[in-house]
Amino acid sequence: MKKSITLLSIGLVSSALFWSCSKNDDASDPDDFKSLIVGTWKGEKFTSTTYTNGVKTNEDVDTDLDDYIITFNADGSADYEDDEPAHYQIDGNKLTIYESDDPDDTDVLTIFSITKTQLIFKDEEEDFGDGKTYKYVEEDILTRVK
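Residue 738 is where the sequence shown starts when you use my numbering, and the numbers rise one by one after that.
Some hints here could point you the wrong way.
Pairwise CB distance ranges, derived in the manner of DEER restraints [unchecked claim]: (1) Lys883 / Thr843: 23 to 29 Å; (2) Asp867 / Asp804: 32 to 38 Å; (3) Lys853 / Thr833: 19 to 25 Å; (4) Lys859 / Asp804: 18 to 24 Å; (5) Val792 / Asp839: 36 to 42 Å; (6) Thr777 / Gly866: 37 to 43 Å; (7) Gly866 / Asp797: 19 to 25 Å; (8) Ala811 / Phe849: 19 to 25 Å; (9) Asp803 / Lys869: 17 to 23 Å; (10) Ser814 / Gly866: 36 to 42 Å; (11) Tyr871 / Asp842: 24 to 30 Å.
Honestly, the hints are just simulated from the structure, not real lab data. Even glycine gets a Cβ: it sits at the ideal position worked out from N, Cα and C.
Put together the whole structure using the sequences plus the hints.
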């Protein structure tokens, strides 16, 4: 009986160690965002959803994103939207892209998730008018090309 309990205990501890040590490719540390984002990414799916007073009223999904390619270089430069030169900065989970020819033209995106193969931006915005609450949710899913 004592031998069975000992073997069971060893088995449970081994299982717990195995599961707790398994690698999670999803980066949750913003410092990881800076290294994982370097590379070329292609748009796979863009979803724009509108909610009115908490009820989904519209959803547009676009998967024809062959021209949506962006390259983030380790030096902070980027090729964005048809090879337009740009540079970027990551602060926490916020990615800011500055277009080189127009410093006032910036895009600020929220990094929702990033792995070695997938990058997801997700942004939400609320607006109030006519006694209603409008919520706009945009999600971009990109996959690594190289």
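Against the structure, the hints come out as follows:
At roughly 26 Å, the beta-carbon separation of Lys883 and Thr843 lies within the given 23 to 29 Å, and the hint holds. At about 36 Å, the beta-carbon gap between Asp867 and Asp804 stays in the expected band of 32 to 38 Å. The hinted window of 19 to 25 Å between Lys853 and Thr833 holds, with their beta carbons roughly 23 Å apart. For Lys859 and Asp804, the hinted distance range of 18 to 24 Å is satisfied, since their beta carbons lie about 21 Å from each other.
Between Val792 and Asp839, the C-beta spacing of about 38 Å keeps the proposed range 36 to 42 Å intact. Between Thr777 and Gly866 the C-beta distance comes to about 40 Å, which sits within the given range of 37 to 43 Å. For the pair Gly866 and Asp797, the supplied restraint of 19 to 25 Å holds, since their beta-carbon distance comes to about 21 Å. Separation of Ala811 from Phe849 is about 22 Å and conforms to the stated range, judged on CB atoms against 19 to 25 Å.
Against the hinted window of 17 to 23 Å, the Cβ-Cβ separation of Asp803 and Lys869 comes to about 37 Å, which falls outside the hint. Roughly 40 Å separates the CB atoms of Ser814 and Gly866, a value that falls within the hinted 36 to 42 Å. For the hinted restraint 24 to 30 Å between Tyr871 and Asp842, the CB-CB distance of approximately 25 Å keeps it satisfied.
Comparing the model with each numbered hint stated earlier shows that hint 9 is the single one that does not hold.
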